[in-house]
Every structure is written in C-alpha cells, then in structure tokens.
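Engineer: So for the sequence shown, full-length UniProt numbering puts the first residue at 1; every next one is plus one.
Hint data in this document are derived by calculation from the structure and do not stem from the laboratory.
Where is the CB? At the ideal position from N, CA and C, for every residue including glycine.
A hint or two may mislead.
[Stated by the list, open to error] As a list, the in silico EDC-like pairs of lysine to aspartate or glutamate whose alpha-carbon atoms are at most 16 Å apart:
#: 1; residue 1: 168; residue 2: 68
#: 2; residue 1: 199; residue 2: 177
#: 3; residue 1: 168; residue 2: 144
#: 4; residue 1: 164; residue 2: 8
#: 5; residue 1: 139; residue 2: 154
#: 6; residue 1: 139; residue 2: 118
#: 7; residue 1: 75; residue 2: 28
#: 8; residue 1: 90; residue 2: 118
#: 9; residue 1: 48; residue 2: 83
#: 10; residue 1: 164; residue 2: 68
#: 11; residue 1: 139; residue 2: 12
#: 12; residue 1: 168; residue 2: 140
#: 13; residue 1: 90; residue 2: 119
#: 14; residue 1: 56; residue 2: 68
#: 15; residue 1: 13; residue 2: 52
#: 16; residue 1: 139; residue 2: 44
#: 17; residue 1: 80; residue 2: 126
#: 18; residue 1: 175; residue 2: 148
#: 19; residue 1: 80; residue 2: 118
#: 20; residue 1: 199; residue 2: 144
[Claimed, not checked] Derived Cβ-Cβ restraints for the label pairs, each shown as a range:
#: 21; residue 1: 213; residue 2: 86; range: 41 to 47 Å
#: 22; residue 1: 25; residue 2: 83; range: 18 to 24 Å
#: 23; residue 1: 187; residue 2: 83; range: 34 to 40 Å
#: 24; residue 1: 13; residue 2: 87; range: 28 to 34 Å
#: 25; residue 1: 76; residue 2: 140; range: 38 to 44 Å
#: 26; residue 1: 191; residue 2: 83; range: 23 to 29 Å
#: 27; residue 1: 148; residue 2: 220; range: 40 to 46 Å
#: 28; residue 1: 151; residue 2: 215; range: 38 to 44 Å
#: 29; residue 1: 120; residue 2: 143; range: 17 to 23 Å
#: 30; residue 1: 167; residue 2: 13; range: 18 to 24 Å
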Amino acid sequence: SPLIIFNDCELDKAVRMGMGAVFFNKGENCIAAGRLFVEESIHDEFVKRVVEETQKMKIGDPLDRATDHGPQNHKAHLEKLLEYCQTGVKEGATLLYGGRQVCRPGFFMEPTIFTNVEDDMHIAHEESFGPVMIISKFKDGDVDGVLERANRTEYGLASGVFTKDISKALYVSDKLEAGTVFINTYNKTDVAAPFGGFKQSGFGKDLGEEALNEYLRTKAVTVEY
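Let the sequences and hints guide you as you build the complete structure.
Structural biologist: Following this line, the structure appears as structure tokens:
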C-alpha cells in the first residue's frame, strides 16, 4: 500500500503516522504502508526524524502496555523478513536502521528502515508483511509522476497521502488505484465506511452499507402476461 508524503504536509504528524502505518502490529497488517514516497525537499529531514523516533521504540512483551514493538508471529516469517532485508542490501538499497533479529528470546525483528529504494528492486514491489519501512523519494511537484509509481503494483487495498492542500489530496485520492485512501491519517477505519480492495486485493466490501449486500438474496422474476 503506497503512502505519499508531500512537502506541504504537517511533518511531525507525517512522521508519527508514517511510522504507525508501517510498524503497527509489527507490520503484520493487511493495510500496512508497504512503500513510502517522500517529496525530495523534505526527504532527508523526514528520514532523520523517523530514524530518531524508531531508535526510541521499546521492544518487548506485547502484553505490556509500555511495549512499542513485539515479536513476529512465527519463526518462518522472521526468517523470511531477514532474507527480505538481505535482498534489499544486495540490490543496493540503503539500510539505515535495523534489518536484524533482536538478540533476545523470541521471534523479534528490529524495526527496519530502507532508503534509496529504486522502483525495480524486489523490496519496492514485494510486500514484507513485517516492520520494514521502504522509502523512495520523488521530485518536487511531480504529482502525476509519483502517482504512476504508486499505482505500479498488482495490489490495491489501501493507500495514503499527507498534504495540507485539500485540492491536491482529493486529486491524488481519486487517482490512486486502491479501495481505501487515508488523507493526513492512517489505519483509521469506521464501521460505516466500506472496506475492500482493487486489482489483486480482491472483490467485494466489508463494513458500510455495501457489506449488507452480502447478506441479501436477489431474485429475478420474468413474466409474460
């Protein structure tokens, strides 16, 4: 799920929400932001702040309310994530933080941050389903260009955009090929809002009025009189 962060966003909020979009539930989240696109003029500052905040995350018991980051759900998934990160490094992406197993009992993976991720890299188009933040930059003002890159995926469950320009936000949300678009927030759903994907992310909707159709029977009656 692509998350586009423009240079006119509220940066502190974009950092906080961007981290939540990736690291919530250790990245084991169907709508996790699989890839972040950050406008060039704020890219370095955004990355700097994300690294600083990630370093503060407390790793530990998921049942402890003070814990920010718990273990992955099983060993095979942890091993897959470690291999995923190794692939990113081999392809030439910059591993800024994490990428390793935490040295403690359990299947703990460090929150991980990659930058300088090119569109043709494995980690750019394959979802990790883990705590791995994939950051790519885009040129200032290139709205249509970043939209084309964001839509270059076979999936379309969720997406997001951060900007103070509501006209731009609505334009981007219209062009993003995803069933859900978050504007200046993320992971925020409502029972009244239909939830479901486009493309390979499936058909139909859960929640909202549209979900009620799944519980109805439609009958066709044809009459000649």
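Engineer: For each hint given before, does the structure comply? Return the numbers of the non-compliant ones in rising order.
Structural biologist: 1, 5, 9, 10, 11, 19, 20, 23, 26 and 28
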